[in-house]
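First to last, the sequence lines map onto chains S and W.
Count the first sequence with this note's numbering and you get residues 1 to 283, in order.
Count the second sequence with this note's numbering and you get residues 1001 to 1294, in order.
Rather than coming from a laboratory, the hints here were simulated on the basis of the structure.
From a predicted model like this one, the values you see are computed outputs, not experimental measurements.
C-beta atoms are modelled at their ideal positions from N, C-alpha and C, and glycine is treated no differently.
Be aware that a few hints might be false.
[Claimed, not checked] Distance ranges between label pairs, derived from CB positions: (1) W/I1283 x S/G141: 31 to 37 Å; (2) W/A1162 x S/I121: 14 to 20 Å; (3) W/K1110 x S/I89: 34 to 40 Å; (4) W/L1030 x S/A188: 49 to 55 Å; (5) S/L44 x W/L1214: 26 to 32 Å; (6) S/E103 x W/L1151: 57 to 63 Å; (7) S/T147 x W/L1030: 17 to 23 Å; (8) S/D50 x W/K1110: 50 to 56 Å.
[Said to hold, decoys possible] Computed from the model, here is a short list of chain W residues facing chain S with C-beta under 7 Å: (9) P1039; (10) I1042; (11) M1044; (12) G1052; (13) L1120; (14) L1128; (15) I1136.
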Amino acid sequence: MIDVPVPSSRPRSDNRSTAGRRLLGLHTWLTYIFLYAPIVILVLFSFTTDTFGVRWTGFTLDWYLRLARDTRMINATINTLWVALVATIISTVCGTLLALAMERYRFRGRNGMDALLYLPIVIPEIVMALALLAFFSFAFGLLESLTGIKLRMNIWTVIVSHVAFCISFVVVVVRASLKGFDMRLEEAAADLGANPQTIFWRITLPLIMPGVIGGALLAFTLSLDDFIISFFTVGPGTNLLPVEVYGRVKRAITPSINAISTIMLLVSMGLVFLSQFVQRQRD
Amino acid sequence: MTVVIPDETPLAQQRQQRLRLWLLLAPGALWLFFFFVLPLLIVMLYSFATPGPTGNVIWEFNFNSYITLMGKDLYFNAYYRSLWVGIQTTVICLLVGYPLALYMTLAEPKQRNLLLFLVLIPFWTNFLVRTYAWMIILSNNGLINDLLQFLGFAKQLLYPSAGAVLVGLIYGNLPFMVLPLYASLARFDFTLMEASADLGAGRWRSFWRIMFPLTVPGVVAGSVLVFIPTVGQFVVSDLLGGSKVDLLGNLLQRLFTRSNPPNWPLGSALALVFMFVLTVIVIIYFRTTTEEDR
C-alpha cells in the first residue's frame, strides 16, 4: 500500500550521536507503549470476570461463550463478511482494469480520471457517506414516483458504496505494481505468436498478481473496518458489525464488546500478516 | 515455421485498441460516476432545496441554507473548533511521529522491519475498536483512575472531555503520520548530515537546514493524511467527547439523521462549505510548504 523503501545510507555511529540516539530510542519505546497499551488492555479485559469490563478481577471465557449465543452479533458478523467479500471482488476487478488503462494508455480525459481516482481517498469520509445517503434517497424517490417500485436501503446499498471508495485504493496499489513491469516480456510473447488474451492471462496477470492481491486485501480490510459509510448507507433492517458495536458502545462498556473487539483486532492482525507476506513474495 | 501476419488494417487495429481501452475503463469509471460524482452533485442540489416540516425536502430552490450557515454562531464555532482540533492533532502527531520515523530509519534492518510492522498493525485495525479501548482506560473505574487513587489523588471524570477526544484522535491517526514520514526519511541521504557536520554545522542547524527541508514531502503527506480525517470525523468526539465536544462531523450527523426534524438542505450546505474550506486550506498548505522547499 505505502511503498516502503530501504534507507539508502546509514550514518557512521560516533560517540557524539549516542546520547541523541538513546533519547530517540526512549521516545520510540514510549510511543510504542502508547500505541500498544490500549490494545493489550482491551484484549486482557475481554477475559476478566468484572461485569463492567474495566478491571482485572479474574479469568473467564464467559464473554466469548455469550458472544457465540448472541444471534444479533453473529448475524451482523455474517453480513459484514458478505459485504466485504462482494465489495472486494467487484472493486478488485474494476480497480485492476482501471489501473491497466491508466498505466498503459494515453487518452483524452486521462488527467481528469487521475484526479477523480484520488478524490475518494482524500475526501472526508463523512461527506462521501452523506452524499451516498442523499443519492440513494433521491434515486429511490425518483424511481417510486416514475414506476411505483419501492426500494429501500439494505445490504446492497452498503456494498455499492463500499465498492465506490475501495476502487481508488485498489487502483493505487495495482498501479504501483505495474510501474516496474518489464514490457519486453509481453513483446516477447507477442513475437512468439500469443494473442492479446493469452498474453493477459499467461503473462500480465501472473506478474501483477501480488499487486492485485495486495489491493484486494486492502479493500477487504477497509470494507470490514468501515463504520461511517456503512452507518449512513445501511437501511434500518440490516445489521452490520461496526454499526452494531457502535450502538452498544454508546450505551455502555461491557466485557462482551471487549471480546468482539478482540476478535476484530485478531482478524486485522491476520490481514496485516497476509499482506506483508504477499509483499515479500513481490520483492 | 511461418510467421502469422495479422490481416488487419491499421484502422481496424486502432478501433480494436480503442475498444480494449473502453472495456478497461468503463466498469470502474461508470461506478465512480454513478456512486461518487453523481451523489456529490445531488448534495449540491439538496443544498439549494427547502427543508420540509417532517424532515422531507421540498424542491423549491433558494440560498436559505447558506444564509443560515453564515448567520449563526453555532456553525461558525463548529468550523472553528473542528479546524483547531485538527491542527492540534496534526502538530502533536508530527512532533511524536518524526523522531519515531527517524529512529526507525536508523535502526538495524531486522529491528526496522519489526518496528515498521508494529506501526502497520494499528494502521490496519478498526478505528472504532481503538477508540473504544480508550473508553475502557479512561472510564470512571478504569485504570487511570485507579492509578490516580493509588497515588493519593481524587477520582477524575476523564471522559467525556475535550482532552479525551484529543488523546483518541492522536492515538487513532499517529500511524498515518509515521508511514509517509518514514518513506521520506528512508530516501534521505544521511551522508549529507556528515558533510554538514564536517563543514562545522551543529546538529540542530544540520537538521533544520538539511534533513527537515529534504523530508518536507513526507511531512506534507503525513499532515494531510492526519488533518483531513480528523476534521471530518465524528466517532471519536461522539464516544470520548459526549455532548461536550461538538465538532462538524457531529453536527452533520445530527442534521442528517438525529435532529428533530432532520434538515438535509442545511446539512448539505454545511458539508459543501466544509469541503470547500478544507480544499482551500490544503492547497495553501501545499503551496507554502513547497515554496519553503525551494
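Hint check:
| no. | hint | verdict |
| --- | --- | --- |
| 1 | W/I1283 x S/G141: 31 to 37 Å | holds (36 Å) |
| 2 | W/A1162 x S/I121: 14 to 20 Å | violated (29 Å) |
| 3 | W/K1110 x S/I89: 34 to 40 Å | holds (37 Å) |
| 4 | W/L1030 x S/A188: 49 to 55 Å | violated (34 Å) |
| 5 | S/L44 x W/L1214: 26 to 32 Å | violated (43 Å) |
| 6 | S/E103 x W/L1151: 57 to 63 Å | holds (59 Å) |
| 7 | S/T147 x W/L1030: 17 to 23 Å | holds (22 Å) |
| 8 | S/D50 x W/K1110: 50 to 56 Å | violated (39 Å) |
| 9 | P1039 | holds (4 Å) |
| 10 | I1042 | holds (5 Å) |
| 11 | M1044 | violated (9 Å) |
| 12 | G1052 | violated (13 Å) |
| 13 | L1120 | holds (5 Å) |
| 14 | L1128 | holds (5 Å) |
| 15 | I1136 | holds (5 Å) |
Going through the hint list in order, the structure does not satisfy hints 2, 4, 5, 8, 11 and 12.
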